[in-house]
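Quick mapping for you: the protein sequence lines, in order, are chains A and B.
The numbering of the first sequence is the working numbering, which starts it at 1 and goes up by one.
The numbering of the second sequence is the working numbering, which starts it at 1 and goes up by one.
Check the hints yourself; a few may be wrong.
One copy or any two copies: either way a pair holds, since identical chains are not told apart in the list.
Unchecked claim - Derived lysine-lysine pairs resembling DSSO-like cross-links, with alpha carbons at most 30 Å apart:
1. Lys6 to Lys57
2. Lys342 to Lys203
3. Lys61 to Lys6
4. Lys6 to Lys189
5. Lys6 to Lys62
6. Lys342 to Lys232
7. Lys345 to Lys203
8. Lys203 to Lys189
9. Lys11 to Lys62
10. Lys11 to Lys462
11. Lys61 to Lys11
12. Lys189 to Lys496
13. Lys496 to Lys62
Calculated from the structure, these hints are not laboratory results.
Protein chains: 2
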Amino acid sequence: MKLEKKFTELKALLAEISDLNGASALLVWDQAMYMPSGGAPARARQMATLSRLAHQKFTDKKIGRLLDALRPYEESLPYDSDEAALIRVARRDYERAIRIPNEFVARFNAHVAETYQRWTEVRPANDFAAIRPNLERTLEFSRQLADFFPGYEHIADPLIDFSDYGMKATTLRSLFHELRQALVPLVEKITSQSPADDSCLRKSYPEAAQSEFGAEVVRQIGYDFQRGRIDKTHHPFMIALSIGDVRITTRLREDHLGELLFSNIHEAGHALYEQGVDPAYENTPLAGGASAGLHESQSRLWENVVGRSCGFWEYFYPRLQAHFPDQLGAVSLEEFYRAINKVEKSLIRTDADEVTYNLHVMLRFDLELQLLEGTLAVRDLPEAWRERFQADFGIAPPDDRDGVLQDVHWYSGAIGGAFQGYTLGNLLSALFYTQALQEHPEIPHEIRQGRFDTLRRWLTEKIYRHGRKYTAPELIRRVTGDDLTLRPYIEYLQAKYGELYSL
Amino acid sequence: MKLEKKFTELKALLAEISDLNGASALLVWDQAMYMPSGGAPARARQMATLSRLAHQKFTDKKIGRLLDALRPYEESLPYDSDEAALIRVARRDYERAIRIPNEFVARFNAHVAETYQRWTEVRPANDFAAIRPNLERTLEFSRQLADFFPGYEHIADPLIDFSDYGMKATTLRSLFHELRQALVPLVEKITSQSPADDSCLRKSYPEAAQSEFGAEVVRQIGYDFQRGRIDKTHHPFMIALSIGDVRITTRLREDHLGELLFSNIHEAGHALYEQGVDPAYENTPLAGGASAGLHESQSRLWENVVGRSCGFWEYFYPRLQAHFPDQLGAVSLEEFYRAINKVEKSLIRTDADEVTYNLHVMLRFDLELQLLEGTLAVRDLPEAWRERFQADFGIAPPDDRDGVLQDVHWYSGAIGGAFQGYTLGNLLSALFYTQALQEHPEIPHEIRQGRFDTLRRWLTEKIYRHGRKYTAPELIRRVTGDDLTLRPYIEYLQAKYGELYSL
Numbered sequence: 001m002k003l004e005k006k007f008t009e010l011k012a013l014l015a016e017i018s019d020l021n022g023a024s025a026l027l028v029w030d031q032a033m034y035m036p037s038g039g040a041p042a043r044a045r046q047m048a049t050l051s052r053l054a055h056q057k058f059t060d061k062k063i064g065r066l067l068d069a070l071r072p073y074e075e076s077l078p079y080d081s082d083e084a085a086l087i088r089v090a091r092r093d094y095e096r097a098i099r100i101p102n103e104f105v106a107r108f109n110a111h112v113a114e115t116y117q118r119w120t121e122v123r124p125a126n127d128f129a130a131i132r133p134n135l136e137r138t139l140e141f142s143r144q145l146a147d148f149f150p151g152y153e154h155i156a157d158p159l160i161d162f163s164d165y166g167m168k169a170t171t172l173r174s175l176f177h178e179l180r181q182a183l184v185p186l187v188e189k190i191t192s193q194s195p196a197d198d199s200c201l202r203k204s205y206p207e208a209a210q211s212e213f214g215a216e217v218v219r220q221i222g223y224d225f226q227r228g229r230i231d232k233t234h235h236p237f238m239i240a241l242s243i244g245d246v247r248i249t250t251r252l253r254e255d256h257l258g259e260l261l262f263s264n265i266h267e268a269g270h271a272l273y274e275q276g277v278d279p280a281y282e283n284t285p286l287a288g289g290a291s292a293g294l295h296e297s298q299s300r301l302w303e304n305v306v307g308r309s310c311g312f313w314e315y316f317y318p319r320l321q322a323h324f325p326d327q328l329g330a331v332s333l334e335e336f337y338r339a340i341n342k343v344e345k346s347l348i349r350t351d352a353d354e355v356t357y358n359l360h361v362m363l364r365f366d367l368e369l370q371l372l373e374g375t376l377a378v379r380d381l382p383e384a385w386r387e388r389f390q391a392d393f394g395i396a397p398p399d400d401r402d403g404v405l406q407d408v409h410w411y412s413g414a415i416g417g418a419f420q421g422y423t424l425g426n427l428l429s430a431l432f433y434t435q436a437l438q439e440h441p442e443i444p445h446e447i448r449q450g451r452f453d454t455l456r457r458w459l460t461e462k463i464y465r466h467g468r469k470y471t472a473p474e475l476i477r478r479v480t481g482d483d484l485t486l487r488p489y490i491e492y493l494q495a496k497y498g499e500l501y502s503l
Numbered sequence: 001m002k003l004e005k006k007f008t009e010l011k012a013l014l015a016e017i018s019d020l021n022g023a024s025a026l027l028v029w030d031q032a033m034y035m036p037s038g039g040a041p042a043r044a045r046q047m048a049t050l051s052r053l054a055h056q057k058f059t060d061k062k063i064g065r066l067l068d069a070l071r072p073y074e075e076s077l078p079y080d081s082d083e084a085a086l087i088r089v090a091r092r093d094y095e096r097a098i099r100i101p102n103e104f105v106a107r108f109n110a111h112v113a114e115t116y117q118r119w120t121e122v123r124p125a126n127d128f129a130a131i132r133p134n135l136e137r138t139l140e141f142s143r144q145l146a147d148f149f150p151g152y153e154h155i156a157d158p159l160i161d162f163s164d165y166g167m168k169a170t171t172l173r174s175l176f177h178e179l180r181q182a183l184v185p186l187v188e189k190i191t192s193q194s195p196a197d198d199s200c201l202r203k204s205y206p207e208a209a210q211s212e213f214g215a216e217v218v219r220q221i222g223y224d225f226q227r228g229r230i231d232k233t234h235h236p237f238m239i240a241l242s243i244g245d246v247r248i249t250t251r252l253r254e255d256h257l258g259e260l261l262f263s264n265i266h267e268a269g270h271a272l273y274e275q276g277v278d279p280a281y282e283n284t285p286l287a288g289g290a291s292a293g294l295h296e297s298q299s300r301l302w303e304n305v306v307g308r309s310c311g312f313w314e315y316f317y318p319r320l321q322a323h324f325p326d327q328l329g330a331v332s333l334e335e336f337y338r339a340i341n342k343v344e345k346s347l348i349r350t351d352a353d354e355v356t357y358n359l360h361v362m363l364r365f366d367l368e369l370q371l372l373e374g375t376l377a378v379r380d381l382p383e384a385w386r387e388r389f390q391a392d393f394g395i396a397p398p399d400d401r402d403g404v405l406q407d408v409h410w411y412s413g414a415i416g417g418a419f420q421g422y423t424l425g426n427l428l429s430a431l432f433y434t435q436a437l438q439e440h441p442e443i444p445h446e447i448r449q450g451r452f453d454t455l456r457r458w459l460t461e462k463i464y465r466h467g468r469k470y471t472a473p474e475l476i477r478r479v480t481g482d483d484l485t486l487r488p489y490i491e492y493l494q495a496k497y498g499e500l501y502s503l
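For reference, chain A alone in the conformation it holds in the complex:
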């Protein structure tokens, strides 16, 4: 009885932190969406204050004492019970948070804010030298951060652990090595053919009709507009203010149909995960996704495995044609399907197709490890990027803007742990979809009819509703009965692109 009271007390303290985090999410969303430029200085302070308060409150000794006191309560409960999970997850977060001193967090955040601001200036100017000292400091900070967690095998492990709990650099290296061995020949075989014709996507597609169709698609796959909304932005993202308020943003180009369409489905995939969390977890540490990789698995599953499949467009393509009769009336489904799955060696990760995408990720992952290990200096990074890109893609980025300055990640956080989640997400998207099909072979047939309930319910039951209750490795094992394996993803790519390119 006394322990149950302590549990209630812990939940109340954690709810307060969840409220602060929800408010912080709105500050972020508004900053990206609607804030006038004059609001920036105050917004930076408001965000810093709310983060600081949340971190202070979470690392308060009161929480540590409650977690200690609740150990017998946790152990008296089944591992699968929500109460045990809440204590377990809160303890894992707490033990991580208290290792990082408040003053480090403050210094690092200030450094990151300045670096991000500078990146927005130097990238258009193609001026890596101007941000090199910042990046050198970031690397130092990243090493210090890792060193708050002594006993690691590889210095990147603690950093990877933040986003993909339980993953290690060595595991990922061998996994990615194996993936590479399958991908490189596939890419070569495809790109030795003449490129697919995607001119049908590159016509004039007026904004209003694109937005309308884009909203129709995500509504149909199950995105709940009562608990979300779509706004237009430059860099699409998903953000959860609560389980009842999961917003997505989208990017639109009137001269390219794919932009809005697939960024909508991608972000809606993330959102389905957040909207699907058990409502009982609202305002607790159990809300949210299990890991970066797990989250990305859902955006990629919906965007690629489902959203770029032929069956999906059997249903949606006539509807798309009805929105754009002039542009697509004379374009066959087959042509359209080939266009949205065009494979090419290109410079920009976020624009890359399914097949080459992971090469972009692995390049970044390997460079991160080398930087942390000290086998690559920041000053040599642009050249290392160019060399590796040349080796992997057979082309060299003409400048740093589309090379080492391309992604925001290193300029808005730590070096280490930022990229592996994208490839893990790809691997998992096929792994989960394959499993879903084993249990529900009717899914492809339903998708051809525009029905997504069976798939979404299965994902909700197996993954979404659990939120952060299980770690990613636990979830994978629960869903598939086994550990993460590459095979389904490679088979998926080989089957799909083998057929598309008659390999």
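Add chain B to chain A, keeping to what the hints say.
Quick look at chain B alone, frame taken from chain A:
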């Protein structure tokens, strides 16, 4: 030296509270503007948590000790210095805040949230009986709130003090009595004539052109879009997230031109005040407006004294006609000017013209006092409203929806102190404008040319930049050399409407 360190410490603590309040303002803005309905429960919790934290932090004994320790520092500085003002205003706020127990705030907020929710349901249903028990509780809460400040002359005084510091029920009663004596005969003289023709406003005015023209007008009077934005809503409001982010919302009817136009200018008037505060006051208790009356004086000055003046439209009317050639091409400036200044006895305060508006306010003010005094019971309120309305306007509201249920104020806060600011604002709008003209007789000429710099600079210099540094009575005395007086307002009305209606 030691005291200066304590002053810095106080400022840091107050900045944290200001950050929490800024974040709360965004939660409010987003709730009214873009939040999906599913976000409501979490939003209510987030708002409650941020308010609670801000109140807890502000009433912390640490702040009280610093304020005590800083008394010699404050006394060593000139009264007009920013440092002395900051300590003085923080102390006034602090001494008020600590008198209200945390648990009262929590109970009252919960009651208000429930009552507001119920009001949104009962008003369309015209069902006062269903909300009567809530309103009775609100009255009890309001009396308790007043009783935390013993020693008042009238029980409404502490409640009036929250929004219009330094004002008392007896002062207001005699001021309003005098105003009434001037207004009633003026209204009678005007409404005994045949009503002005405002059919030119009641045509079809497409949204896009209205929005464009509305933005053009507020930009020209000086609203800074780098530090603000306009969004469309049902109930227009102004909200400051910081001095650099002052947003307004507006209401639009395609069948009535006046709606957007004057709500834009009204809210921009509030916003000019907030945007005009000395940037050095950002993140301190000195940001914001001096009182409800002072704030309203600026919305009414810009909306009515300037925005419904003939000179203003000498400049803008040809531009408005260019936006709406079909609707207004054949309507003369004279006709338009008469239409936007039509006086009539109507049911709804927010739709009322300048002349009858204060009768609406005084009705509510008198009923508030009677409720608090116990000379009127909540159950008799609807009837009392009808009787008073009949007496003042010669018409009776057909139902409670447009009677006692009309305004949100009593259903979203305390009874007492909610309405006097509107009439104080009207009185002050003419008082300040008259003073500005004495010092800058060129202002009307400039307005006819669409130039507002002299007026806005004078208001900024005399009022806006000071923020909350001076109390309203102090400010009035600094600006006019005297206390608040009715004369300029009555003379303004008599001159303007005397000419319009050839009295």
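Results for each hint:
no.: 1; hint: Lys6 to Lys57; in the structure: both (17 Å within a copy, 25 Å between copies)
no.: 2; hint: Lys342 to Lys203; in the structure: within (16 Å within a copy, 53 Å between copies)
no.: 3; hint: Lys61 to Lys6; in the structure: both (14 Å within a copy, 27 Å between copies)
no.: 4; hint: Lys6 to Lys189; in the structure: neither (62 Å within a copy, 72 Å between copies)
no.: 5; hint: Lys6 to Lys62; in the structure: both (11 Å within a copy, 29 Å between copies)
no.: 6; hint: Lys342 to Lys232; in the structure: within (25 Å within a copy, 42 Å between copies)
no.: 7; hint: Lys345 to Lys203; in the structure: within (22 Å within a copy, 59 Å between copies)
no.: 8; hint: Lys203 to Lys189; in the structure: within (29 Å within a copy, 67 Å between copies)
no.: 9; hint: Lys11 to Lys62; in the structure: both (12 Å within a copy, 28 Å between copies)
no.: 10; hint: Lys11 to Lys462; in the structure: within (25 Å within a copy, 51 Å between copies)
no.: 11; hint: Lys61 to Lys11; in the structure: both (15 Å within a copy, 27 Å between copies)
no.: 12; hint: Lys189 to Lys496; in the structure: within (14 Å within a copy, 84 Å between copies)
no.: 13; hint: Lys496 to Lys62; in the structure: neither (54 Å within a copy, 67 Å between copies)
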